[in-house]
Every structure is written in structure tokens, then in C-alpha cells.
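Given these sequences and hints, build the entire structure.
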Amino acid sequence: MRNSFANAFYEIAKDDPRIYLIAADIGAAAGVLTFIQEYPERFLNVGVAEAIMIGMAAGMAMRGKIPFAYTIAPFTIYRPFEQVRDDCCYQDQPVRHIAVGRALNYPLLGATHNATEDIALMCALPNMTVLTPCDPAETREVTLATRQIDGPLYLGMGKAGEPDLTANAEPFRLGKIRKLRHGSDLAILTYGPIAKMALDVADRLQKEKGKSTAVYSVHCIKPLDKEGILGVLNGFPEVVVFEEHSPFGGLGPQVKELAWDAGVAGKTRLKTYSLQDRFAHAYGSYYEVLAAHGLTPERMFEEWSKL
Amino acid sequence: MANPPFDAAAAKARCLAFRKRILDVSQKVSALHISPAFSCLEMVDVAYNGLMNRTGDPETEDKFIISKGHGSLSQYVVLEHLGIIPKEMLDNFAKPGWPLATHPDYGNPGIEASTGSLGHGLPLAVGMSYADKMDKKDRTMFLVMSDGEMMEGSNWEALMVAPSFGIKNIVAMVDLNDFISLGQTSKVLPNFYPIVEKIRAFGWESLEVDGHDSQAIYDAVTSRSRTKPFMLVCRTTKGKGVKFMENVPIWHYRSPNPEEYQTALRLLDEAYAA
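Chain order of the listed sequences is A and B. The opening position of the first sequence corresponds to residue 1 in the numbering used here, with each subsequent residue numbered one higher. The opening position of the second sequence corresponds to residue 1 in the numbering used here, with each subsequent residue numbered one higher.
Hints are computed from structural coordinates only; laboratory data are not their basis. Errors might be hidden in some of the hints.
Subject to a maximum C-alpha distance of 25 Å in a straight line, what follows is the list of computed BS3-like cross-link-like pairs (lysine-lysine) [claimed, not checked]:
no., chain 1, residue 1, chain 2, residue 2
1, A, K176, A, K256
2, A, K306, A, K176
3, A, K14, B, K137
4, A, K14, B, K87
5, B, K133, A, K14
6, A, K271, A, K209
Computed from a predicted model, the values in this text were never measured in an experiment.
What follows is the structure in C-alpha cells.
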């Protein structure tokens, strides 16, 4: 996903002299390297110093620039949280907070490098747009679509080697939930690279249980496509929210709130899955660390078979 | 357009009037940051009325940020004097439906950044100056910061980054009144000092002056080499000009009652006459 971001970034940045890349000493992928070679004056490495990265980005934005601030997720938004809030959101500046390896996408690095509360924090900030693509192609779409967003945004993505999930999906429309897989019995709302597990389980449910399962990528958590999600809640007898995030403040609680407010709670069977409310102290592959939080394809298959 | 020669006597008269105007505003609200405004008043006045290139063209004129947002009244009275803030707006300071309050808010007349939380102004100014440099705009960012604010790590990140990226067009004035909310800096955090040497070690040009001596501030800033960003450490007295407020912590927040207000006006006149 970071390669895909980098290439799309290069595409939009090469023709727009307002775009700058500010890194806090985290190297980026191929497309960014091309950008750095061709436009060295529009690339800044501030060093291991995230407060100045975001503060400076806001200052540049206040002079008409469009800065992309890039590092690993916790360092993009946790360390400089107050700069994100006061400098970028309060003053409504078009700073692009680019977070590589959000949630558990650095599964060997532990909680210090795993931003598993990012959606809650970013959704709580006025003016912020929250983008969470599910695969490399969608990362490209989202990155290109940042041109349509005037204020601050957070783009939380995976890292590298994610499979393609959107080849047969509906066309991308910024801010609208996107059907990755058709179905009629059960709908799964998900976002980010964990969508792969949802799709695999959906295939198995279809094959082994005859359960027709739709999967949607919610690539924009804020502003949330309430109309699209209500359509799903009204259109399916069973709906699952499946996310790689703390149980608080992510997509699951927001969909439940929406269901309650719209009066569909009780009519649709709605179940949410998230990471557990604990630091897992678990290391290994991405799936092994998800398993430490109880998120395995086997368990999902079992539970989603008999919702 | 070159500014006229600096007139120290006129600056002194302005600052007396500004102090009285701040006391005047203090009679309309209960909680006010009077003494932090008094300690940096000469710095703000010299910036606007002596140092800044104010052509009226927002694309090229110099810009000002009060990074110690709690000193906002010092900027508001100067902006009012310059006709940028209407009198009615300052008369309705911190009133519902009116935009001016304790901390400056981006988008209000003359306000370049929302400050109040400390340690934000300098990083913002670094970004603005870098953008100006890229756009080949020869203008200077002026800032007034607090000494307590210099304890924030973000400022030391900014101090490191600005000269590393060849930024020269920043003039930051630090209001060194040696007080933080719970005590005297030199006693609470003695290793805050020496400060000028630390700033210079980060690649900035730095001098120290009497922060209530308008002429000294003017001379120090205009003497800078312009080959590095410049930080002027201004020794000041919190609550300067009103004896019973000077260096007394409660006046960081409090507004004087009507009797104290009258006394303050008298003490100000006496101090300026001396």
C-alpha cells in the first residue's frame, strides 16, 4: 500500500507545485524517491521530530501549500496530537497526515508502533477527514481523491505486500461505501487490509454454508456514508462490522449509533468485531497478532455461520 | 517603503496609553491576563510600529504571531491603535457573540494563528517562513514568545530545523520575565539558563536586551546580520508599570476591582513620570 501511495503521490505532486512531502525520518517507497530526485526542494526530512513536522506543515498550509506529513502511524498523529488538533484542525488547514502501517500492520514491532486507536482519535477532531483504504488499488484511489478535500485529512494505510481486493469491486466514489463482493444474507462492513480476512470468510460461507455474504470497504470513516450504511442495515437481515481497531470509537460503535438513531436497531442483527481492549504483547505475522486479539478466520466462519 | 526613524519617546507614550487601555478592558471582564500583556507590550509595539514592513499587501508584508497567546491583549491594543481591530470589538472583549477573547483566534482581524497552547507559534512560523522562502517572498515573520514557552520541546525542534533548512526570515522575541505560573524559573528550573547561549548553539543569532526599552529592542533587531534566524531575549518584569502587580503571580489571571483600577492608573502615571 505504501508503494501505491507513493506512486499516486508522485502523480498528483509532479504537476502541483503546492504539494510538499515532509517526513520525520521514515523513508518512503519508489514513487516518493522519484519525487525527491526530481523535486528535492519540495521534500523535507525534519528528522526524528514529529511536533515540528506537523507544526511546520500547518504553517506551510497557511501559506497556500499542501503538505503531506509522512511517517509510521503513531508518530504521524499520537506524538504530535496537539499539533494535529490545534494547528491543522482548529485552523482548518489542508495538511495530509499520512500514516503508514496503521493498527497492527507492523506486527513485529509491538504496541509502540501500532496505532490501534487512530480512528477514534481522528474522528473526534472537527474538520478532519478520515480515510482507510483496503488495498493498494484503493490506496491509489484515495490518494488521488485527496485533491477533492480542502481541509485536514488522515490517511491510515497498511504497509507492503497487501493483496488486491478491489479488482471486481464497484467503482470508487470518494466517501461512499464500496461493495467488494455481492451477497444477500449477510453484509460485512470493514476497512483496511483486514478486509482480506472478511472476503476469505465470505467465500467460505458461500461455499460451505450457502450463505450469500456481501463485503463493503468503508474507505472513509469520517465523514461517514450514513446513507450507504443505512442502506446496508435496511437491506440485510444480518450485518457485521469487522475492524482492526480498539473497541472504542471506531466504525463498530458508529454503525451501532447510526442503527439506533435510525430506528433500525432490533430489526437487523448487528454484531461488531474489533481488537480487544488490551495491549496484546503479541508478535509474529499480521494474522498471528490479529489472532492474539481473537480475530481469526476460523472463529469468524463459525460465528458468522450462525448469526 | 522604509519605516520612519524610530521615535522612542513616541513609543513610550503609546505604551502608556496601551497599558491604560488594557486596564480599561479589565473593568469589563473578571479574569484577564494583564501582567503577561504588560510584560511584552514594548516588544509587540516595537514590532508593529518600528520593525515590521506593513505595506498593506498581504502577499508581501511582514507578519506577526503572538505565540504566548495569553498575552493577546498586548496585540489587540496595538491592532486597535492601527485601526485593524475596531474599538467596539475590543470593548466587547470576551463577550458572547464577539470574536476577541483571551487567546487569539485565526481569522480574526490581524491574527495570523490560533495560539494559547504554548510551543505552537514558532513551528508554525518556521513552516510559513519556509513557504515564503520557496515562493521567493522577502518578508519576515515576527513572533513574541514567552520564556515559559521555551520549555516546550516543540520549540527546540523548531530551533534545530529552521537554520538547518536555511530559514533566515524569522525574528522571535522572547519575553523573559523569569516567571512561570507556580514560581520563578531561575529557582524552579535553574538549568533553563543560560538561554542565549543555548539558542546560539542551535544555529540562531541571539542577543539579550531590556525588554521594556523600546529603543534597545529596535536597535538589537535592526542590527541583526540577516544571515540566520534571529531570537531576541528580552528581560522583562511581569505586570510592568503597576507596582502592586509586578511579579505577583495572582495578576497573571486577575482583573483589578474598581478601586485597584484607579490605583493602577495613578501608579502608571507616576511610573511614567519618574
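Hints, verified against the model:
{"no.": "1", "hint": "A:K176 - A:K256", "result": "holds (18 Å)"}
{"no.": "2", "hint": "A:K306 - A:K176", "result": "violated (29 Å)"}
{"no.": "3", "hint": "A:K14 - B:K137", "result": "holds (22 Å)"}
{"no.": "4", "hint": "A:K14 - B:K87", "result": "violated (48 Å)"}
{"no.": "5", "hint": "B:K133 - A:K14", "result": "holds (20 Å)"}
{"no.": "6", "hint": "A:K271 - A:K209", "result": "holds (19 Å)"}
Checked against the numbered hints above, the structure breaks hints 2 and 4 and satisfies the rest.
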